[in-house]
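Undergrad: Chain by chain, the residues run as shown.
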Amino acid sequence: MNGRADLPSSELQRLFSVVIYFDESMRIIYASDTVQRHLPEVKDSPVLGEIFQVLRPGKLETFSDALASLESLCLMTANNGRFAIRGQLVSTVYHGQKAMCLCGAPWLFWMSSNCPDIRLNLSDFAAQDVQLDQLFFMTTEKRMVEDLENLNTELTDAKAGLEAAHDAQHRFFAQMSHEMRTPLNGLVSALSLLEAKSLEVRQRQLVELAQSSSSNLMEVINYVLDLSKLELAGEEEKTVFDLPELIRSTVDIVDAKAREKSLDLTLEMDPDIPLHCKGNAPRLRQTLLNLMMNAIKFTDKGSVTIRTAKMDGEAPGCILRFSVIDTGIGIASDIEQMIFEPFWTMQSEGGHPDAGTGLGLDIVRRNVEHVGGEVGLISEPGAGTTFWFDWPAVAESVVTVARSVTGPSAVIDADTNLSGKVLLVDDNQTNLLLGTMIIESMGVEVGAAENGAEAVAAALREDYDLVLMDIHMPDFDGIEATRRIRKVKDEKDLPIVALTALAYEKEKEKCMENGMNGYLTKPIVKQALAEELSRWLSSNAQDPVPGAAEGHDEYRGETPAAVELLDQAVLEELKLQIGPDNLKTVLTKVLAEAAQRWQDLIIAERNDDHESIQRHVHSLSSIFRSVGLMHAGDALASIEVQLRAGAKLDVGWIEGLEKAKTNSLEALDQQLAAQ
Amino acid sequence: MYGLINNSLKDMIREKFGEEKWQEVLNTSGVPEDSFLTMRSYDDALTYSLAGAAADVLGAPVDACLEMFGEYWVLETATKSYGVLLDAAGNDMFEFLGNMNALHDRITSTFLNYVPPEFYVEKNDNGHQIHYVSKRKGLTPFVVGLLKGLAIRFEHTLNILEQSEVEVEQGTHTIFQVELTPK
Chain A
1 MNGRADLPSS ELQRLFSVVI YFDESMRIIY ASDTVQRHLP EVKDSPVLGE
51 IFQVLRPGKL ETFSDALASL ESLCLMTANN GRFAIRGQLV STVYHGQKAM
101 CLCGAPWLFW MSSNCPDIRL NLSDFAAQDV QLDQLFFMTT EKRMVEDLEN
151 LNTELTDAKA GLEAAHDAQH RFFAQMSHEM RTPLNGLVSA LSLLEAKSLE
201 VRQRQLVELA QSSSSNLMEV INYVLDLSKL ELAGEEEKTV FDLPELIRST
251 VDIVDAKARE KSLDLTLEMD PDIPLHCKGN APRLRQTLLN LMMNAIKFTD
301 KGSVTIRTAK MDGEAPGCIL RFSVIDTGIG IASDIEQMIF EPFWTMQSEG
351 GHPDAGTGLG LDIVRRNVEH VGGEVGLISE PGAGTTFWFD WPAVAESVVT
401 VARSVTGPSA VIDADTNLSG KVLLVDDNQT NLLLGTMIIE SMGVEVGAAE
451 NGAEAVAAAL REDYDLVLMD IHMPDFDGIE ATRRIRKVKD EKDLPIVALT
501 ALAYEKEKEK CMENGMNGYL TKPIVKQALA EELSRWLSSN AQDPVPGAAE
551 GHDEYRGETP AAVELLDQAV LEELKLQIGP DNLKTVLTKV LAEAAQRWQD
601 LIIAERNDDH ESIQRHVHSL SSIFRSVGLM HAGDALASIE VQLRAGAKLD
651 VGWIEGLEKA KTNSLEALDQ QLAAQ
Chain B
1 MYGLINNSLK DMIREKFGEE KWQEVLNTSG VPEDSFLTMR SYDDALTYSL
51 AGAAADVLGA PVDACLEMFG EYWVLETATK SYGVLLDAAG NDMFEFLGNM
101 NALHDRITST FLNYVPPEFY VEKNDNGHQI HYVSKRKGLT PFVVGLLKGL
151 AIRFEHTLNI LEQSEVEVEQ GTHTIFQVEL TPK
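Just so you know, the sequences run in chain order A and B. Residue 189 in the working numbering is what sits at position 189 of the first sequence, and the numbering runs on without skipping anything. Residue 53 in the working numbering is what sits at position 53 of the second sequence, and the numbering runs on without skipping anything.
No lab work stands behind these hints: they were computed from the structure. Treat the hints with care, since some could be wrong.
Claimed, not checked - Result set (SDA-like, lysine to any residue): computed pairs, CA atoms no more than 20 Å apart in a straight line: (1) Lys159(A) <-> Ser81(B); (2) Lys80(B) <-> Glu141(A); (3) Lys43(A) <-> Ile29(A).
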């Protein structure tokens, strides 16, 4: 390489740190200081292609290629990998001969990536070169992204913190509400007792005021509690429940109120609604109940109709439309939007003197929205109101729990006479007594065991033809007892049939898997029992047992249409099965055992002893249902299902049951007196 | 000033004194934002408020806080985020200071409305004079921190012999008479 650049090249060097001239043979004839510093070999005037690999333009092998690429960006990397150029070609003359000039700068991004150890100086870039600016910009952009990511993290953390605080607050409210309920319950009870005393007019007024205030306070506390639970609810607690039964039992609750006001209370149930649903039964019940209570409160004459219908929806899901239609005072159109707001009452509009706390409809709205449904109303002042809500539901297939309504008793073979020896296992003394009587009425000898251990001992010690095994018992259950028996006696030696109040497929499968041979649901129904016993015991049909049911045929064929407090048909059925004297004995036993079990349940609930709660609820449900106290029995069964599913119970569930229990036992007591 | 500066101040207080102190500084300053976006321009008053609050909370003079911040700026923020640019700006402190204006020119093309300071270095009999000229007031202690940070970066011994203010219509013109020698 020889000679110096003319004026243009020195001027060019001020504008471009990289300036390279090459001639028509592609030989380098001039290189600027920056190029020489990084690639000293250029001083030997090499051909361009000997020291550079050209990335852009696509082809730069000849001078003609260069002439054709004047508009292109030129990107070249040194073959030794230690330098790269970013620039553009200019056709020019160098010392009187045609030449090409490459003007540019070090290719910053390539060098930063491929040879970061080589330090480039500001002087390697002309002032107008934007590469350093771009680097600065990119670095700053990266920081911006980091800023935003950090902000996002901070916001996410703050949100999580707020949610945790929110939950803690609602837990606190829930706990406080729960704690407040206990003394308030005491207050309400004391006021009720006081009311019964002979009081002066003024005293009575004050007691009534205190009662009304405490009742409102209780409602507010329940509301706060309910709200807290709704806010806390993560995954919806879902259990399988008997939908028609839920609706009927809810209607039953308000039945007395309707009667008090001489209102016609009608239930119109679409036969297409699913028999069993999976969902939040307590919320549905609460929603229905609140609407019904409201309807009755604001209706002085006429009727309240509860209508249920199945709307569209893909199986197994569907929408249930509930309508509560009253002929009450109605709601003016201008306040329709307000009535779902909390604490809004008709009283605040100068309307109804007994308007309550104004929380019932807010709870309805929240419940319905919580499950993704809709709620609305149609009303005509003076003519009545229809509140409706759509409740998304999922139908569930469940083995039907054998109800006490057994159909015409004529189909039961009262003369069934079998021979053999059966071990009846049940931790519930009423069931044991009742079962023993029914089985004995068929001519079968009965041995009894009250728990799993006794059952195993008896089954192995004595020679039984069949074991009827309760499943849910304390210590070890019927399944465990069966496992232990099966270690010694196989199915041919001793068949075992499960007896349980909860009749779900899974439980049935579990029984069978563990060596049981049959499955019966409680309460014990003679027909089903007779059929099951006939499978395992020999028959003495020609030798009927003396008629325990003599003289009671007048009740045959009666089937109750709906669940009542005390299902007379069940009692009559029992009377047929075990005779009137035995029935008296059973009912006396039921009253005593139910009272005791109830006390045990209260204690377990106070101690928060879930296992005992579940056991006592199970026993009580079983006791009640066995003698036809279906309302209380079913309510308890519903609680039991929730307990088994691990669902949280509504606070106050036990108080809710207490009334049903008390009324049921009173009805039974009256029945016993009439026997 | 750009969020970059505020973020750097925040980082410094969190790193050196902990999150609680930063929250205290923030509360004392009355600045509503807790986070700053690097490329967003914030009112200068916000930065001054933070610096003043830091002095209150840390129980140190504002000048000392600004000086500490200047040093942190060079050694942490600029080095971590703009290392390549700092490297390009010089192999020693004099070269770096000589290129500082060119560097600020480039930053001005990215950070629009950025009003950078200017630096000039003159050699005299007592060593070097570094001129700091800015449209802003009150940031001279920050520049002291910058110079100390640069001395650490380039492994020089810096001795500020004299610091004098030149009267200007607006802003600041400070002359540092320094003795600067490689270690």
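Undergrad: Out of the numbered hints, which ones does the structure contradict?
TA: Result: hint 1 breaks, nothing else.
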